[in-house]
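Asker: Bring the two chains, given one by one in their own frames, into a single complex with the hints.
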Amino acid sequence: MSNPQAAIVGIGESRVGKVPDRSALQLQADAAQAALADAGLRMADIDGLLTTPVRVEHWNMPCGVVAHHLGIHPSYLATVDLAGASGAAMIHQAALAVASGQCSTVLCVAGQNLLSHGSRAKAVKSMAEGGSAHPQFEVPYGPLVPSLYALVAQRHMHEYGTTSEQLAEVAVTIRRHASLNPNAHKREPITVDDVLKSRMITSPLHVLDCALVSDGAAAAIVTSAARAHDLKRRPVHLLGQGYGLRHSHIGDTELTTTGAVDSGRDAFRTAGLKPSDVDVAQIYDCFTITVIIELEDLGFCKKGEGGHFVAGGRIGLGGELPITTHGGLLSACHPGLGGGFFHVLEAVRQLRGDAGERQVKDAEVALVHGNGGVISIHCTLILGKE
Amino acid sequence: MTAAERPVPTPDAATAPYWSAALERRLVMPRCLDCSRYHFYPRTLCPHCGSTRLEWSACGGRGTVYSYTIVHRAPSPAFAADVPYVVAVVEIDEGPRLMTNVVGCAPDAVRIGMKVGVAFRQVTDDVTLPVFELLNES
Numbered sequence: 001m002s003n004p005q006a007a008i009v010g011i012g013e014s015r016v017g018k019v020p021d022r023s024a025l026q027l028q029a030d031a032a033q034a035a036l037a038d039a040g041l042r043m044a045d046i047d048g049l050l051t052t053p054v055r056v057e058h059w060n061m062p063c064g065v066v067a068h069h070l071g072i073h074p075s076y077l078a079t080v081d082l083a084g085a086s087g088a089a090m091i092h093q094a095a096l097a098v099a100s101g102q103c104s105t106v107l108c109v110a111g112q113n114l115l116s117h118g119s120r121a122k123a124v125k126s127m128a129e130g131g132s133a134h135p136q137f138e139v140p141y142g143p144l145v146p147s148l149y150a151l152v153a154q155r156h157m158h159e160y161g162t163t164s165e166q167l168a169e170v171a172v173t174i175r176r177h178a179s180l181n182p183n184a185h186k187r188e189p190i191t192v193d194d195v196l197k198s199r200m201i202t203s204p205l206h207v208l209d210c211a212l213v214s215d216g217a218a219a220a221i222v223t224s225a226a227r228a229h230d231l232k233r234r235p236v237h238l239l240g241q242g243y244g245l246r247h248s249h250i251g252d253t254e255l256t257t258t259g260a261v262d263s264g265r266d267a268f269r270t271a272g273l274k275p276s277d278v279d280v281a282q283i284y285d286c287f288t289i290t291v292i293i294e295l296e297d298l299g300f301c302k303k304g305e306g307g308h309f310v311a312g313g314r315i316g317l318g319g320e321l322p323i324t325t326h327g328g329l330l331s332a333c334h335p336g337l338g339g340g341f342f343h344v345l346e347a348v349r350q351l352r353g354d355a356g357e358r359q360v361k362d363a364e365v366a367l368v369h370g371n372g373g374v375i376s377i378h379c380t381l382i383l384g385k386e
Numbered sequence: 387m388t389a390a391e392r393p394v395p396t397p398d399a400a401t402a403p404y405w406s407a408a409l410e411r412r413l414v415m416p417r418c419l420d421c422s423r424y425h426f427y428p429r430t431l432c433p434h435c436g437s438t439r440l441e442w443s444a445c446g447g448r449g450t451v452y453s454y455t456i457v458h459r460a461p462s463p464a465f466a467a468d469v470p471y472v473v474a475v476v477e478i479d480e481g482p483r484l485m486t487n488v489v490g491c492a493p494d495a496v497r498i499g500m501k502v503g504v505a506f507r508q509v510t511d512d513v514t515l516p517v518f519e520l521l522n523e524s
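These protein sequence lines are chains A and B, in that order. Start counting the first sequence at 1; every next residue gets the next number (the numbering used here). Start counting the second sequence at 387; every next residue gets the next number (the numbering used here).
The following block holds chain B by itself, in its conformation from the complex (with noise of 0.2 Å):
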């Protein structure tokens, strides 16, 4: 399978700037200049207090897993080759959520509440998707 195939995201003028740090392996999400929260995935408006004043703030890029799925059966043939492989929902430090992979472990090693850590998997030379793996500590 071709990486070509494979749904890869397109962003827009809203979401550039997160893939474009993602490119360069930073994480980083819209932070409020007014309530200082952050929040995923990018709006026009802080859903907390409403403001519009909101940059792209660096995070640290450690989380917790807060569910997973082992997908066994592949939503297209772009994924056959991959299953099983674990879809998850990460609550990061700062506090969003958000869905990603978690890789770099046996599929059936991971658990809700297990510590994680940002990784870059480069997808295509346009694009490159943060993923998770498991911290030692876990």
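Chain A on its own, in the form it takes in the complex (with noise of 0.2 Å):
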């Protein structure tokens, strides 16, 4: 295994799902404040800050606006943008800070109102018109952000045979870990009829195929591994981590196969581990076809059989690799492109043994990944108690 050099000290959310009574910066820093209290610490301990954008509002130099809001005057400052990637990516870009010794304690944090800025409607619309299609040779046709994924589920359907039953096994497993989450969006048990039955959006995807849409921040702060033992929380060290990009829009690409390979495959090979040796994987879902081909791409089954792989329970809690029991993008918070975050407090907090009824028994080993684009931009993590 590798010699860590960095870990996670201290994590927090905001409140999640419709949360009218907060501006994006307000849910910022709610989940700021929760993070320092879980740590110990105090904002002036802060002395690195990373974020990502905000898409509902036009913020210039991200990083900036939420420094002067939380009254910060970090050493070191930046925003990241690997879109649904940002958040595992933040915590691997906090560890090379605090490696280079240009700070020591970095906050990272992401969210937004995604839900509450407008509509759900104004949502959808700018999320379609928002980049992860193409604004020239893509966006004029109409699809939808689903429309791109359900590509390529329609495609790994053709080549694979993968069923719409196998896809809303995803669904299904995943808002059940949702519901044993006080701060999911969405806790109501789903079966796979009720996903087969719910409105289909764009062939093969129903809605509860779909990520939410919801208002939600998330945070955490890293440390070095030495200051990180003398804090008040059980360390979560950073042992490896791998990103990749096969594209940037879908059109002209492979749709089975993603940059989680490579993302995965340096992953492990930094932490010196393998997919056996995981006990519970953070999968991002903004669909449930990313889980499926994520699964395959990082290893944990052959390239096709994901489908067969997430059916049977072995995805669920008790399950042979319980995967986003947080209850991911699907059900517990999808605030736009800091949704991915939430998997990073998720893996931290199985890791401690605190994750209440959905804890994985004896969890030493978590994985992270995160999806930017349409199965465009990849960051995998592998997180560990030493």
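Since the hints were derived computationally from the structure, they do not count as laboratory data. Every residue gets a Cβ at the ideal spot worked out from N, C-alpha and C, and that includes glycine. A hint or two may mislead.
To be verified - Computed, partial: chain B to chain A, Cβ under 7 Å:
{"hint": "1", "residue": "P393"}
{"hint": "2", "residue": "V394"}
{"hint": "3", "residue": "P395"}
{"hint": "4", "residue": "Y427"}
{"hint": "5", "residue": "V457"}
{"hint": "6", "residue": "H458"}
{"hint": "7", "residue": "P461"}
{"hint": "8", "residue": "S462"}
{"hint": "9", "residue": "V473"}
{"hint": "10", "residue": "L515"}
What the hints assert, rightly or not - Computed footprint of chain B on chain A, listed as stretches where at least three residues anywhere in the stretch have a Cβ under 8 Å from a Cβ of chain B:
{"hint": "11", "segment": "135 to 147"}
{"hint": "12", "segment": "200 to 214"}
{"hint": "13", "segment": "251 to 262"}
Answerer: Okay, structure coming up:
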């Protein structure tokens, strides 16, 4: 196993779901303060800041806007944009900043009021025209963001025989996990039949195959492994990481294999671990098909076997590989590109043994995977207790 | 719904030849003068060999459905009158794939692997989109 240099020492979430009484900045401040309290630190201890763009409002230099709002003057700051992979990437970028000596304690924070800033319809339109689809060569043809993933799903079904029932199994499992998370947006259990009978949005994806639209923010604090041992919470160490990119837009690309092949390979190599060492995997779940393809590309099963892999309870709590145990983007919180950061927080809870009813017994190694764009950009983290 | 509210491409220096050709009902793509391969979307360097010696070259306009989806929920009011409609990725015979609509048939008639041919849909006075239709041989 690798010799970790950085650790996560505090985590915090804002209220999530529909939070009309908080602005994007207030949600981020709420999450930041919760993470500081968890770590036993004060705002004045923070000398590094990472954040992600906020799409609902135009913020010139988001890291500067957030620093100003929090009243800090960090010696290192940056805005990280790997779309949905930003949350995972911030942890590694923070580790690099600490290792460089430029700062010692980095606050990473992301989130926005995607639901309450306007309307759900406005959010759907802004996402459809927001860059996931190419503005000249794709948007004029009228795809939703879910349509782009539907193209992936349809091709995966064609090549490998993946079924709508298998896609639904992902949504059902992740909702069951959300039902055990007091801070999840949607907690009412659903069945495979519920998913299949839910409104068809863009074939083969039903509304319950798609991520929520939520308000919410998440924060984590990263410091050196040495300093982490002096703080109040048991540190969670960054053991390995990887990045992958195969394309920016999906028009001219392969639709059933992603850059998660590359990010996963590098993450396992840098950690000195293999897929069978992972106790719990926080897999990015913007759509049900995303989970199936990522499980294949990360090496948890062979290409084409993802549909079979997610059935039979294997990815649920008590199964062989529990995934996305907080309820993910499908059921816990999807405030836009900060959504993947909640997956990092859940990995930390699982490794601390703090996950309550959804605790994976004896979790020692957690994988976090973030996916941005349309199966475009990937970041994989491997986290561990030591 | 007026056509003006529909999102339309804004051609730039890198893409203007594509949209100009579409106005003339021709499909063109960048082709490398060194490795002879086509690519799409347009780039400054050939993604296959890195050459900057590129030219816009005519395509035959025939291809195969690589994937598709039937959109039932419009992304914005501009598309509300069109649902359900087919968004597809078509692989043209020259090699590249592109996003498009498959038109002129019932949406549920489309399948992966079907042969398609280019057609042109005028959206505004200045913009015509290449779209595709099923060929009889499918």
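Asker: For every hint, state whether the structure bears it out.
Answerer: Going through the hints against the structure:
1. P393: 5 Å, holds
2. V394: For V394(B), the interface hint holds, since the closest Cβ of chain A sits about 6 Å away, which is under 7 Å.
3. P395: Result: holds, 4 Å to nearest chain A Cβ.
4. Y427: Given a least distance of 5 Å, the restraint on Y427(B) holds.
5. V457: Holds, about 5 Å.
6. H458: 5 Å, holds
7. P461: With Cβ-Cβ at 4 Å, under 7 Å, it holds.
8. S462: 4 Å, holds
9. V473: Interface hint status for V473(B): holds (5 Å vs cutoff 7 Å).
10. L515: 6 Å, holds
11. 135 to 147: Check passed, 11 qualifying residues.
12. 200 to 214: That given contact holds, which follows from 6 residues of the segment 200 to 214 of chain A lying within Cβ reach (below 8 Å) of chain B.
13. 251 to 262: Coverage by chain B holds here, the residue count being 4 at a Cβ distance below 8 Å.
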